[in-house]
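One-letter residues, chain by chain:
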Amino acid sequence: MTTQESEAPVTGQPVGGTLRGVGVSAWFGARKVLEGVDIDMRAGVVTALIGPSGCGKSTFLRILNRMHELVPIATLGGSVLLDGDDIYGTALPITEVRRRIGMVFQKPNPFPAMTIGDNVMAGLRLTGRKTANREQLIEESLRRAGLWNEVRNRLGAPAGGLSGGQQQRLCIARSLAVRPDVLLMDEPCSALDPTSTRRIEETILELKDQLTIVIVTHNMQQAQRVSEHCAFFLAAEDEPGRVVEQGETEHIFGSPEDPRTADYVNGRFG
Amino acid sequence: MAATRALGPAPSKTPDKPTDAAGQAPRRRPRAWRWADIAEFAGSAASALLLTWLIFDRFLPFRIQGVAFFVAWYALTLPIYWLVVRDGHGPVAARDRLASVLVTTGAAVALSPIFLVVGYVTYRGWSVIDFGFLAETMELTGPLSGADDGGLLHSLIGTLEQLGIATLIAVPLGVLTAVYLSEISGPLARPTRLVADAMTALPSIVAGLFVYSIVVIRTGWGFSGFAGSLALTILMLPTVTIAAEQVLRVVPGSLREAALALGSPYWRSVLLVVLPTARAGLATAVILGMARVVGETAPVLLTVGGTNILNVNPFSDYQDNIPLFVFNQIRSSKESFVDRAWGGALLLLALVLVLFVLARLAGGAGPGRRSRRKKGAAK
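Heads up: the sequence lines are chains A and B, in that order.
Every letter in the first sequence is one number past the one before it in this note's numbering, and letter 146, counting from 1, is 146.
Convert by adding 1000 to the 1-based position in the second sequence; the result is the number in this note's numbering.
Don't take each hint at face value.
FRET-style restraints, in silico, Cβ to Cβ [as the list claims (entries may be wrong)]: (1) B:Pro1252 to A:Pro93: 20 to 30 Å; (2) B:Ile1184 to A:Pro93: 11 to 21 Å; (3) B:Arg1279 to A:Pro93: 22 to 32 Å; (4) A:Gly156 to B:Val1312: 41 to 51 Å; (5) B:Pro1191 to A:Ala132: 45 to 55 Å; (6) B:Arg1249 to A:Pro93: 24 to 34 Å; (7) B:Pro1252 to A:Val45: 24 to 34 Å; (8) A:Lys107 to B:Arg1279: 19 to 29 Å.
If we take Cβ atoms under 8 Å as the criterion, some of the chain B residues that face chain A in the derived model are [claimed, not checked]: (9) Ala1258; (10) Ala1259; (11) Ser1264; (12) Ser1269; (13) Leu1272; (14) Pro1276; (15) Gly1281.
Quick caveat, the hints were computed from the structure, so don't treat them as lab data.
Everything numeric in this text was worked out from a predicted model, so none of it was measured.
Every residue gets a Cβ at the ideal spot worked out from N, C-alpha and C, and that includes glycine.
Using the sequences and the hints, build the whole thing.
If you want it as C-alpha cells, here you go:
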C-alpha cells in the first residue's frame, strides 16, 4: 500500500520552502514565553521541536505561520524568513503566508458541515481559487495523505464519521490541497492510538521529499523516527523558553552536548 | 408518580426463578417501583381523601367546596404518606419519598397551565375550524350569521405577509449583528450586546407606538401591513441576534483556526466555515424569532389597523392578522363572533406549533443529508 501511494504525482511540485526563525521571542501580555530562538528549517527536511510542556514549542510553531497573533494579547519579536522574505513584512500578505505554510493541529479538526471531498477542497474555496479538475485534486491530496484507499467510496459522506486517525489524515490532505511549501504539525499524533500514529508517521516520511515539515512532538521515539533535524526547547522556572541545543537528530539523541538534553532525551525528566 | 420508572416485580419475591431456557438468574432492577410502593402511596391518598371527606362533609358546620377540598386532601396526604413510609422503611426513606412527592407536585403544577390553555383553546376552537374558516373573509358576514359563516383568510394572508417581511428584514440584520458580536467583537460589541439584551424585554406596545408615530403618522403612509412588519422586526431583531450569537459561540475555535491556517481571509472563513457549521442552530434561532412575534397583538393593533376585507398588498391600506382577528372577534357580544375568535386562537397555536416543529427539524439536519440533497439537485 505504501509503495502504491508513493506513486502520487509529484512531478512539478516544489520541494518545499526554507523557513528560518531569526531571534524569535514571544509574549502573552507581559509574560515572556520565548526568547531568542534561531532555527533553520531547510527545504525537504523534517525538523522536530521537542521539549517538556510549557517550554514554548507550540508558540514558536504558531509564530511560523502567523497563528500566534490570533490571541489578542500576543506579541512577538525577531523575524521569520520564508525563502528569504520576512513573513511579518509587507511583501507577503498574511493569507499568502498561511497558504504557503500549512498547519495540522493537535486535535483533528475537519469541518463538520462539509463532506470528506468538500473538506479536501475547503482550502481552495476558502482562498477563492478555482480548480479545473476537482476529482483529480481530491484524489491526489488524499493519496499524498495516505487516506485515499479508505475513503475513495465515500467522498460524499460527512467528515465527522471518520475515525480520529482518519480525520487527522484528512486534515493533512486538506492542508496539502492548497500546495503549501511548508507543513507545520503541532503534536499531530497526541490524540491518536498507536496504529493511527504509525500511519501518520508513514505519511510524514512519504511527504518529506515534497515539502518542508516542522513537527512538534512529545514522543521521543517519534522524533527519532521521522526527523533529521531536531531542536530541544527548555524553559527554566519563571523564565522564557529557549533552544538549549539543536542539530542532527542522531546527534541530539546519540551524543548530546548539553547535560539537560541528555537527561531529557533519555527520559530522566520532563 | 414517577412514570419514567419501569414497573418490575419485587426482586425479593422471585430471586431465583429462571427467566429463560439457559437458566440464567432473572435480571434485577433495583430502581424499579414495586407494587408495594404504589400501594403505599395510593393507600395514603385514599385514606387522606376519606379523612378530608369526613372533615368537610360531616364535622364542619358549614360547607366548603372546590379548591379547598383538593388542597386539604393534598395537605393531608403528605403526613399520612410520611407516616406510612417511616413505619415500613425508616425515617430516611420517608423524608426521601416526601421530597419526591413535593418535587413531582411542583412540576405537575408548573406544567398544568400549558395543558389547560392548549386544551381549552382546542375545545373551544375545534368546532369552528373548517375549510370555509380558512378560505373566507369577514367581508360579507353580518352579526346574524352563524359561527360557520365567514372566516379569517384575510387575517391569515396578513399574518403570513407581515411575518415574512419582518423575517426578511430581521434575519439578515440579526445574523450580521451576531457575527459582529461573536466573530469580530469590536469595541461596540459590549454596548450592542447590552442593548440587544435590554431590547428582548422591550414592551411590545412601545415598538408599536414607535412605528405608529414615525411611519404611520409622520410619513403619512397610514396603516399598512408593512408598518406592522416594522414593529414586529423591532421585536424580532434582539431575539434572533442573541440566539444566533449563542449558536455562533459554540462553533469550536479550532475550526476557525483551521480555516485561517489554510490561507483564508477572515470573512471567507466566517462565511464558508463558521456559518455553515452553525447552520442548524441559526435556523432554530430564526424560527424562535418568528414564533416570538407571530402572536403579538399590541404592536399590530397600532400599525396594521385591522379590517374585515382581504387586502393582499402589505404596502398600502389596512390589513388584518390573526391576533388582531381574535382581539376584534372576542370583544363582540355575539356568540358566533366569540366562537370564531377561539377558532383563530387555535389556528395561531397551530402556527406556533408548526414553527417549533420546523425549528426541531432544522436543528437535527446533518451535513450528509444536505450533500445528498445537493447531489440530487445537481442531477
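Hints, one by one, checked against the model:
A hinted range of 20 to 30 Å for the beta carbons of B:Pro1252 and A:Pro93 is consistent with their spacing of about 26 Å. As the Cβ distance of B:Ile1184 to A:Pro93 is approximately 20 Å, the hint placing it in 11 to 21 Å holds. Checked against the hint of 22 to 32 Å, the C-beta distance between B:Arg1279 and A:Pro93 comes to roughly 30 Å, which is consistent with it. A C-beta distance of roughly 43 Å is found between A:Gly156 and B:Val1312, which places it inside the suggested range of 41 to 51 Å.
Evaluation of the 45 to 55 Å hint for B:Pro1191 and A:Ala132 yields a pass: the beta carbon distance comes to about 49 Å. A hinted range of 24 to 34 Å holds for the C-beta pair B:Arg1249 and A:Pro93, which are about 29 Å apart. Range check, B:Pro1252 to A:Val45: about 33 Å between beta-carbon atoms, so the 24 to 34 Å window is met. The hinted window of 19 to 29 Å between A:Lys107 and B:Arg1279 holds, with their beta carbons roughly 22 Å apart.
Restraint check, B:Ala1258 versus chain A: the minimum CB separation of about 5 Å is within 8 Å; hint holds. Restraint check, B:Ala1259 versus chain A: the minimum CB separation of about 6 Å is within 8 Å; hint holds. At its closest, the beta carbon of B:Ser1264 sits 3 Å from a beta carbon of chain A; the interface hint therefore holds under the 8 Å criterion. The beta carbon of B:Ser1269 is positioned within 8 Å of a beta carbon in chain A (closest approach about 6 Å), and the interface hint is therefore held.
Restraint check, B:Leu1272 versus chain A: the minimum CB separation of about 6 Å is within 8 Å; hint holds. At a threshold of 8 Å, the smallest CB-CB gap from B:Pro1276 to chain A is about 4 Å, leaving the interface hint in force. Taking 8 Å as the C-beta cut-off, the interface hint given for B:Gly1281 is violated, the closest approach to chain A being about 11 Å.
In this structure, only the earlier hint numbered 15 is contradicted, and the remaining ones agree with it.
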